[in-house]
Amino acid sequence: MYVGIWLGLVVATVAEVVTRSLAGAASLLALIILLISSGKAITIAMYYQHLRYEDKRLAILPIAAVVGVIFLAVAAAMTMSMGM
Amino acid sequence: MTEDYEHREESKSTYAPIILAAGIAVLLFGFVIFLPLAVVGGIIIGAAVFMLFKDGANEKFAEFKESVEEKWPLEFLSKEKLGIWLFLVSEILIFGGLIVAYVYVRLSSNSWPVATQTHDVILGMSNTIILLTSSLAMVFALYSIRGGNIKGLRIGLIGTFSLGAAFLVIKLGIEWPQYYRNGFTISSGLPGSTYFLLTGLHAAHVGAGLVAVGYLLFRSFHGGFTNTKHSAVENIGLYWHFVDIVWMFLFPLFYLI
Amino acid sequence: MQQSHQVQEAKAIVFSIKDWLTTTNHKQVGILYIVTAIFFMAVAGSFGEMMRTQLAVPNNNFLLPFTYDQTVTLHGLLMILWVLTPLGIGLANYIVPLQIGAKDLAFPRMNALSYWTYLFSGIMLVSSVFMPGGGPNTGWTLYAPLNTIQFTSQAGMTLAVMALLLFSLSVTMGSINFLTTIVRNRTKGVTWKRLPIFTWSIVFTMALALFAFPPLAAGLLLLSSDRFLGTVFFSSTQGGGILWDELFWFFGHPEVYIVVFPALGVIAEVFQTFAKRPVFSRTAFIVEFAAVTFLSVGVWMHHMFTTGVNYSVLQTFSFTTLAISIPFEGVVLGLVLTLYKANIKLNTPMLYCLAAIFTVTLGGITGVLQAFPALDYAFNGTYFIVGHFHYVMAGTTLFALLAGLYYWWPKITKRKPNEIFGIIIFVVSFVSFNILYFPYFFMLDMPRRISTFSAASGLASLNLTATIGAYIFGPAAALAVLNLVLSLRKPPSSGPNPWEGRELEWTGDYDGSLGTATATAGTAVDPPENTRSSHWYWCRTSSCASVETVVDSTGKSGYLKKSAGVES
Numbered sequence: 001m002y003v004g005i006w007l008g009l010v011v012a013t014v015a016e017v018v019t020r021s022l023a024g025a026a027s028l029l030a031l032i033i034l035l036i037s038s039g040k041a042i043t044i045a046m047y048y049q050h051l052r053y054e055d056k057r058l059a060i061l062p063i064a065a066v067v068g069v070i071f072l073a074v075a076a077a078m079t080m081s082m083g084m
Numbered sequence: 085m086t087e088d089y090e091h092r093e094e095s096k097s098t099y100a101p102i103i104l105a106a107g108i109a110v111l112l113f114g115f116v117i118f119l120p121l122a123v124v125g126g127i128i129i130g131a132a133v134f135m136l137f138k139d140g141a142n143e144k145f146a147e148f149k150e151s152v153e154e155k156w157p158l159e160f161l162s163k164e165k166l167g168i169w170l171f172l173v174s175e176i177l178i179f180g181g182l183i184v185a186y187v188y189v190r191l192s193s194n195s196w197p198v199a200t201q202t203h204d205v206i207l208g209m210s211n212t213i214i215l216l217t218s219s220l221a222m223v224f225a226l227y228s229i230r231g232g233n234i235k236g237l238r239i240g241l242i243g244t245f246s247l248g249a250a251f252l253v254i255k256l257g258i259e260w261p262q263y264y265r266n267g268f269t270i271s272s273g274l275p276g277s278t279y280f281l282l283t284g285l286h287a288a289h290v291g292a293g294l295v296a297v298g299y300l301l302f303r304s305f306h307g308g309f310t311n312t313k314h315s316a317v318e319n320i321g322l323y324w325h326f327v328d329i330v331w332m333f334l335f336p337l338f339y340l341i
Numbered sequence: 342m343q344q345s346h347q348v349q350e351a352k353a354i355v356f357s358i359k360d361w362l363t364t365t366n367h368k369q370v371g372i373l374y375i376v377t378a379i380f381f382m383a384v385a386g387s388f389g390e391m392m393r394t395q396l397a398v399p400n401n402n403f404l405l406p407f408t409y410d411q412t413v414t415l416h417g418l419l420m421i422l423w424v425l426t427p428l429g430i431g432l433a434n435y436i437v438p439l440q441i442g443a444k445d446l447a448f449p450r451m452n453a454l455s456y457w458t459y460l461f462s463g464i465m466l467v468s469s470v471f472m473p474g475g476g477p478n479t480g481w482t483l484y485a486p487l488n489t490i491q492f493t494s495q496a497g498m499t500l501a502v503m504a505l506l507l508f509s510l511s512v513t514m515g516s517i518n519f520l521t522t523i524v525r526n527r528t529k530g531v532t533w534k535r536l537p538i539f540t541w542s543i544v545f546t547m548a549l550a551l552f553a554f555p556p557l558a559a560g561l562l563l564l565s566s567d568r569f570l571g572t573v574f575f576s577s578t579q580g581g582g583i584l585w586d587e588l589f590w591f592f593g594h595p596e597v598y599i600v601v602f603p604a605l606g607v608i609a610e611v612f613q614t615f616a617k618r619p620v621f622s623r624t625a626f627i628v629e630f631a632a633v634t635f636l637s638v639g640v641w642m643h644h645m646f647t648t649g650v651n652y653s654v655l656q657t658f659s660f661t662t663l664a665i666s667i668p669f670e671g672v673v674l675g676l677v678l679t680l681y682k683a684n685i686k687l688n689t690p691m692l693y694c695l696a697a698i699f700t701v702t703l704g705g706i707t708g709v710l711q712a713f714p715a716l717d718y719a720f721n722g723t724y725f726i727v728g729h730f731h732y733v734m735a736g737t738t739l740f741a742l743l744a745g746l747y748y749w750w751p752k753i754t755k756r757k758p759n760e761i762f763g764i765i766i767f768v769v770s771f772v773s774f775n776i777l778y779f780p781y782f783f784m785l786d787m788p789r790r791i792s793t794f795s796a797a798s799g800l801a802s803l804n805l806t807a808t809i810g811a812y813i814f815g816p817a818a819a820l821a822v823l824n825l826v827l828s829l830r831k832p833p834s835s836g837p838n839p840w841e842g843r844e845l846e847w848t849g850d851y852d853g854s855l856g857t858a859t860a861t862a863g864t865a866v867d868p869p870e871n872t873r874s875s876h877w878y879w880c881r882t883s884s885c886a887s888v889e890t891v892v893d894s895t896g897k898s899g900y901l902k903k904s905a906g907v908e909s
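Chains as they are written, first to last, in our numbering: chain B, 1 to 84; chain L, 85 to 341; chain E, 342 to 909.
Read the hints as simulated data drawn from the structure, not as lab findings.
Mixed in with the good hints there might be a few duds.
To be verified - Rough simulated footprint, nothing fancy, chain B against chain L, three-plus residues with beta-carbon under 8 Å:
id: 1; region: 207-213
id: 2; region: 216-226
id: 3; region: 320-333
The C-beta atom is built at its ideal place from N, Cα and C for all residues, glycine as well.
If we strip away everything but chain B, and leave its shape as in the complex, we get (with noise of 0.2 Å):
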């Protein structure tokens, strides 16, 4: 299973690559790309990392780190806004 996994990666991988040269806005592409490589990373974290299995609390620590991310990068980019 975890063979079909790797594979289902690697052709995320490969994809991601041809996502940026096809044609489009390059943000679009971007957020395409970033998109497949959450799932890559989610798809790692739930199954070799064996979140799926495990009992959910112990997501919590994983999902609180990233939630603290996302708040620094919210805030980041509030600043930005204004053209800093």
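We have chain B already, so just place chains L and E on it with the hints.
Only chains L and E this time, still in chain B's reference frame:
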């Protein structure tokens, strides 16, 4: 005061913490003052790490059976696993902070080179796949030892180690010199600074991971793991997969976007 | 292991250096932390006295401007990070395992590593002053682009950055250790609901530390890269300064709560014991404490109100800062209400805690005032701010942690310090503290971190008053510590529970200052159903008078039969 000392012996003593701390301090002092001193610091760190390896192999600090009764809400977690996850929380925040800094700096700047001009996408993609495969090898190692298969454990660990080492060799030995020859260096401007700093920190984490996997290999050859006692494999695996996850974001952020 | 009595005596008498260098025992590590923190407090305190001497009169030349800048930077860094934080960590090291009935922390070696990295990082920081070119002179906030090589070229600054990185490592390891310990190593009966307030405060402290220090480390790494490798993260004109602010204050604000939380925990413990009742509305108290913790991650940009950030930032963070004052006030109110109509014992720890409540009120009010950006434009960068944070840090935190030392001293050393001396020193220190810092609230015209002022500014009398206060406060603080140390000359005299405290660290199996409070591994301590601990938490009215017996599994009893409930 005699009774004071009796119970002291229940706690184990070791020189490793103070030596490791001294080594790190000397290393950092060396960076600032005198580079050879940093090498000395590195050696001291190595000595301390070696001491810890030995302690681990002797199971000198194996968890004593505490009268632990209350563990809600995380009673299903061993203390090492909880410790590793908490450590990963701090790692998410440090890499996250750096990535936010990178995005901030990039979006604030007037011009940023197209990724393909500065980065070798094929090399990066291959490295990504190598790292992914190393994670697979780690999972294989864990599942082997869960089933009592020590040989599989060793094969998996060797696979993880070699693929991780290959990742570093390609990055540090092939990719980076190539960039430096092209003038894309850490001080050539913000694009170079952010790339080399973030991927450099990531590479350092891969290196530390290799040391840890090396420790596991060492113990697997000395009968340290059985099908019921292998928490170190799982926990170091968690760290290894985390390093992989970070790369999942670094690769597109630098090579593709 | 059977040894002859003489050999044991010899071993015990010689508390060999090796013992302390190699220990992983939480009590010894705790003592190491406390002693080291006090040492750094002496260093940083001397810097403070030097600063006040320089500012005693206008146009003074006691310290050159560059020297003054280094002094103020080191005073700030040392006090916040190397004194107050570790003092709390040291008390936590000693007391938390006892309060939860654990044998030690979850990762004893990492605990020792945390301490030694803390010590070496502090040595590194202090030594930066002796480097050619001097030490860091940017103020403790190390703002960008002042912190870059271009503006602060001395190697001592880089050394300080390294020291901070090492310290971040130390605290991060400590936070992992404490959180794992409190989650996993509690003994039977110590449920989350029954967790002592001090341990709760450490939970919140360590959770914040886990979150706060990595972004600081990220900023420090970027700064190191700038200083070592010539990158331009913080010298860029496109947001370099703001970038540092973002990362630093994301750490910096939670840090001040990391500093103050253990102090609040100590106050709760002291109030509980000497008012002989549980903290007021315990569940609400803990919930409010948790709320402050969560919100503290979301207020940090109030340190950036005057940096020119846009209006939406001002709005948002003004709102969150005001919001956090509500649960914080709830916490303080809860502490105060614990004393309401209680029979209070006014001894040294209690007095220090009362002083801490006074200072946190004053400090808190001045803090809330700064939550309004319009007002902050007037306050920011002036001594008003300096007054605010000294009231909560030098006041609340220092007083409360000092109280903690006095309170737990009999537990740690089996001796009680001289009470009369303690009270006298308390009065002197409390009065001199206010003489020192209260004038700051009137010094709105005096910018921070300047090394001198003119006679025409009209600030001379306020500054002189403050300096006089400093000359008394510094020695008073030293005497407070000396009082504790002097008690060690006396033979062990206090019993296992001299304050009739009710938490597990007092009622556990007490068998020596460095012995463990729990029974040996494998056996549970007093099943809390029968201990005063459980009565303690659930019994808040005077109708709850009963006699309880406390017997643990080895037949020994901790502090025994007394009636619970409130005496009025």
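Comparing the hints with the structure gives:
{"no.": "1", "hint": "207-213", "result": "holds (count 3)"}
{"no.": "2", "hint": "216-226", "result": "holds (count 7)"}
{"no.": "3", "hint": "320-333", "result": "holds (count 8)"}
Violated hints: none; the structure is consistent with every hint.
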